[in-house]
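> Line order of the protein sequences matches chains A and B.
Using the numbering used here, the first residue of the first sequence is number 1, and each one after it goes up by one.
Using the numbering used here, the first residue of the second sequence is number 1, and each one after it goes up by one.
Any given hint could be a false lead.
[To be verified] Each computed DSSO-like pair below joins lysine-lysine, with the alpha-carbon atoms no more than 30 Å apart: (1) A:203 - B:15; (2) A:187 - B:15; (3) B:207 - A:203; (4) A:203 - A:187; (5) B:15 - A:12.
Quick caveat, the hints were computed from the structure, so don't treat them as lab data.
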Amino acid sequence: MSKPATGSRIMKIFPIVLIFPAVALVVFLVIFPLIWALGLSFYSYNVLRGEPPIFVGIENYYRLLNSLDVWRRFVLTGQFVFYSVSIEFLIGFGLAHLFYNQFRGRRLAITLVTTPLLVAPVAVGIFHRYLFDATFGIYSYIAQLFTGQSVRILSQHPMFAIVFMDVWQWSPFMMLFILAGLEAIPKHMLESSEIDRLSPLAKFRYVVWPTIRPLVALALLFRTMDAFRTFDTIFTLTGGGPGTATEVLSIQIYRMAFQFFRTGESTALAFIFLVIILLLTNVYLRLARRE
Amino acid sequence: MRMSNLRNNRRGRRKIFRTVLIYFSTIIAVIFFIFPIYWLIATSLKTRAQAFSTPPLFVWEPTLRNFIDIFIKRQTEIEAITGQELELATGAETFFYNSFIVTFSSIAIATVIGVLAAYSFSRYQPHGTNTLMFFILSTRMLPAIVVAIPIYFFYRSLGLYNTHIGLILLYTMFNLPFAVWMMKSFFDEVPRDIEQAALVDGSNPIKVFYKIALPQVLVGLGATIGFLIINVWNEFLFALLLTERATRTVPVMIAGTRGEVGINWGLIAAIETLYILPALVLIFVLQRFLLRGMTFGTVRGAK
Chain A
1 MSKPATGSRI MKIFPIVLIF PAVALVVFLV IFPLIWALGL SFYSYNVLRG EPPIFVGIEN
61 YYRLLNSLDV WRRFVLTGQF VFYSVSIEFL IGFGLAHLFY NQFRGRRLAI TLVTTPLLVA
121 PVAVGIFHRY LFDATFGIYS YIAQLFTGQS VRILSQHPMF AIVFMDVWQW SPFMMLFILA
181 GLEAIPKHML ESSEIDRLSP LAKFRYVVWP TIRPLVALAL LFRTMDAFRT FDTIFTLTGG
241 GPGTATEVLS IQIYRMAFQF FRTGESTALA FIFLVIILLL TNVYLRLARR E
Chain B
1 MRMSNLRNNR RGRRKIFRTV LIYFSTIIAV IFFIFPIYWL IATSLKTRAQ AFSTPPLFVW
61 EPTLRNFIDI FIKRQTEIEA ITGQELELAT GAETFFYNSF IVTFSSIAIA TVIGVLAAYS
121 FSRYQPHGTN TLMFFILSTR MLPAIVVAIP IYFFYRSLGL YNTHIGLILL YTMFNLPFAV
181 WMMKSFFDEV PRDIEQAALV DGSNPIKVFY KIALPQVLVG LGATIGFLII NVWNEFLFAL
241 LLTERATRTV PVMIAGTRGE VGINWGLIAA IETLYILPAL VLIFVLQRFL LRGMTFGTVR
301 GAK
């Protein structure tokens, strides 16, 4: 039924011809470089020195995984992901319940709230530098109004700044998922829960939660994976600084590869990073399939 | 009777309270998410002195000077103050031109290749469709920085470094997974009876594709292109690594101003305002497909 029953040769080749360019491009520009990088991660290589790479086996991996510095970045990245994603979940959850109500101007409000999603990360990062600026920044000004003393957010609380920025941009993403979940709850179930006079808590536990659960799981996993990879916004807001206070993994890899030119080592770290992402993706795909 | 009146009153009051609460929270939420964008646009309409005022100015006489300065002014005020030559001094039009060329070309190619593949996956489901679809999706899960290192060296040795073609090729590839998945989800929604009938009657499969199938997914095609525009227009890391002055795109230029002492925020804000303009327009156009676009077409979302 799904396949047309024409037996001609064209019909056999046609679908493959259509797919070929897409698959070829992906293989050429992703798989090929990846294999090359994997190979290089077993070598000691510095572009600037111009010497041929020296095979060192798993030494790069060994050194990285035994480096306290690298583990500190893991923890730092983990903290950033955890704070951002959990706050985004809470705000998104609240917003979704707010917009689940029907009221005049609701559509417009949703559109305005979701605007940050499409704004370029670089623009977000650079402009938050201005907003957080210790002397001219309006956020610093507001913080000063509340605390009564001047606050240098970017140098004193850099983690707060990058989490705040991420929350600003991505909370609406959570909201979209949870709102879609809420709107998928069958009306009759809500009505019967009213008639049965379920307590709000029981209603949430037995009616709302089961429906929105798969979407919440998806949203959390999407956000976790993306937060792990965050580069543009943090790079343009703090550049990883002050010092290395906000140097998350992706920025550390960038610095290693393109500022210190420890090429072999940086590809090894990139692959460690990749394995973490792949593990997360695997969890996501499993949850998505179950849905 | 008085009892029921009282109850009605109480219910009415609760309803009013609820409405007030809803509007109050909505306004707070909208302000929180819109304020930085408002402030960006506001700053672009301020002079240098106004942008540097403490406390921040909420009322001022707007000026469009920044928007003229970023294009025609070759010697910027910043240059005079810091004595450094800045990228900005060459005028922003080069960067916008580069961004535009790269975005337009890569989307054109990615859309054509992507739509063809999506159609084939949706309709003919050739051998290994699921495997290939997951393979294509998994490339998107790659952190950009992981592929960036090898690509940087490849591009240098292949002579693709600092060329428009190089960036276009890269962006085409990076957006293919999205184009394929998104378009497949739209093709999957269209019933295939007519196409089947036409094929059984012996119609040319190419004709069936563009005469019957394609017109039915035009809206989806538009939405897909909309998201592709955002993806390419916003891309930063590869543009940073693979371009120099002549091919530099807008985000790299904006990021280049980081860390400068005495930045003229009015000028930067003017460039950023023009830069995020497509996003501000597309958020209205794409609103209905937002969830779908952010999940590669895997979550349809509410209509």
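> Each hint should be assessed against the structure and marked as holding or not.
Taking the hints in turn, this is what the structure says about them:
1. As the CA atoms of residue 203 (chain A) and residue 15 (chain B) are separated by approximately 21 Å, the hinted pair is consistent with the 30 Å bound.
2. As the CA atoms of residue 187 (chain A) and residue 15 (chain B) are separated by approximately 21 Å, the hinted pair is consistent with the 30 Å bound.
3. Of the supplied pair hints, the one linking residue 207 (chain B) and residue 203 (chain A) is violated, its CA atoms being roughly 54 Å apart against a limit of 30 Å.
4. Taking the CA atoms of residue 203 (chain A) and residue 187 (chain A), the gap is about 13 Å. The hint holds against a cut of 30 Å.
5. Under the criterion of a C-alpha separation no larger than 30 Å, the hint pairing residue 15 (chain B) with residue 12 (chain A) is inconsistent with the structure, at around 64 Å.
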